[in-house]
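*Asks:* Below, each chain spelled out in residue letters.
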Amino acid sequence: MVPLWMYLTVAAALFSIGMYGVLARRNAVAVLMGIELMLNAVNLNLIAFWRYLTPFNMSGQAFAAFVLVVAAAEVAVGLAIIIAVYRNRQSVEVEDVDMLKG
Amino acid sequence: MNFGEGLTPEAFAFGLFTILTLGGALGVVTSLNLVRAAIWLMLSLFGIAGYFVLLSAPFLASVQVLVYIGAIGILFSFAVMLTRGMTNLKERFNDQWWLAGLAALTAFVLLMVGVIVPAFGNSGAPVSDQVTTTVDLGVALVSGNQYVLPFEVASLLLTAAMIGAIVIAREDD
Chain A
-16 MVPLWMYLTV AAALFSIGMY GVLARRNAVA VLMGIELMLN AVNLNLIAFW
34 RYLTPFNMSG QAFAAFVLVV AAAEVAVGLA IIIAVYRNRQ SVEVEDVDML
84 KG
Chain B
51 MNFGEGLTPE AFAFGLFTIL TLGGALGVVT SLNLVRAAIW LMLSLFGIAG
101 YFVLLSAPFL ASVQVLVYIG AIGILFSFAV MLTRGMTNLK ERFNDQWWLA
151 GLAALTAFVL LMVGVIVPAF GNSGAPVSDQ VTTTVDLGVA LVSGNQYVLP
201 FEVASLLLTA AMIGAIVIAR EDD
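Chains A and B, in that order, give the protein sequences. When the letters of the first sequence are read in order and numbered with the numbering used here, they come out as residues -16 to 85. When the letters of the second sequence are read in order and numbered with the numbering used here, they come out as residues 51 to 223.
These aren't lab readings, by the way, just hints derived from the structure by calculation. Among the clues, some could well be false.
[Stated by the list, open to error] Label-pair distances were calculated between CB atoms; the ranges are:
1) A:Phe39 <-> B:Ala121: 29 to 35 Å
2) A:Leu36 <-> B:Phe128: 35 to 41 Å
3) B:Gln180 <-> A:Glu76: 49 to 55 Å
4) B:Thr58 <-> A:Met82: 53 to 59 Å
5) B:Leu57 <-> A:Met82: 51 to 57 Å
6) A:Asp79 <-> B:Pro168: 17 to 23 Å
[As the list claims (entries may be wrong)] Partial pick of chain B residues on the chain A-facing surface, computed with a CB cut under 8 Å:
7) Ser106
8) Ala121
9) Ser127
Every residue, glycine too, gets a C-beta built ideally from N, C-alpha and C.
Take these sequences, add in the hints, and give me the full structure.
*Replies:* Shown next as structure tokens:
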């Protein structure tokens, strides 16, 4: 099989790309997409470690399933917040959302 | 994996999914049109589903396609279309884009040092060819001494998130 470190390398690259998207994009929806990429990198790591190191134990797959559930909930609430912000501000640029700034 | 002995189908599939995943991710981060970014995201998530198949986790692969590509991808498309003026952004990145790049690069190097140094030279074969199946996952999720409590909490979380999303996104009367 493909060695474990290759999966980990791909996951690390995916996580870094997602992190760049979160930190550098102006648009809030694009930031959320970056978060999705990071969560998927984590899931890939969980499944790869499960397959290579503890294939008799369900914890890897179960954790990945819970990450998926939390990601779905996070996207639903996040996009709802973005739509609410857009309704108030007519903008979804991250820099325009500074209502909490003193 | 040894490329010298010819390209195995598994290695070929791994390369293909790597191109899909990382290429899609780069598309998500760089595209100016957010509808295109959503399509790139679906492509990237599809690559991840392929990895799950390679790693003998077929249930998670199908859930990945259904929930991520199906539900979340469509949700992103809707959000892009509901908020006007997002299909043609003027600028991709904010003023600190180089700082963000530095941070992402540092994270990648740190992860690689953590991954490659301990694992390099290791043939990396799995400890066993036998794996647990989807049946075992289903049993583990509902059996009393394993994951039944997190499972129920997850369903509660989904319900709360659904109600919360409706309340937040609703027009004020």
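*Asks:* Take the hints in turn and mark each one as holding or not.
*Replies:* Now the hints, each set against the structure:
The hinted window of 29 to 35 Å between A:Phe39 and B:Ala121 holds, with their beta carbons roughly 31 Å apart. For A:Leu36 paired with B:Phe128, a C-beta distance near 39 Å keeps the hint of 35 to 41 Å intact. The hinted window of 49 to 55 Å between B:Gln180 and A:Glu76 holds, with their beta carbons roughly 52 Å apart. The hint said 53 to 59 Å for the Cβ distance between B:Thr58 and A:Met82, and at roughly 55 Å that hint holds.
For the pair B:Leu57 and A:Met82, the supplied restraint of 51 to 57 Å holds, since their beta-carbon distance comes to about 55 Å. Range check, A:Asp79 to B:Pro168: about 44 Å between beta-carbon atoms, so the 17 to 23 Å window is missed. The interface hint given for B:Ser106 holds, since its Cβ lies 6 Å from the closest Cβ of chain A, which is under the 8 Å cut-off. The criterion of a C-beta within 8 Å of any C-beta in chain A is met by B:Ala121, whose closest approach is roughly 7 Å, and the hint holds.
A least Cβ separation of about 10 Å between B:Ser127 and chain A goes past the 8 Å threshold, and the interface hint is therefore violated.
The structure does not agree with the numbered hints 6 and 9 stated previously, though it agrees with the rest.
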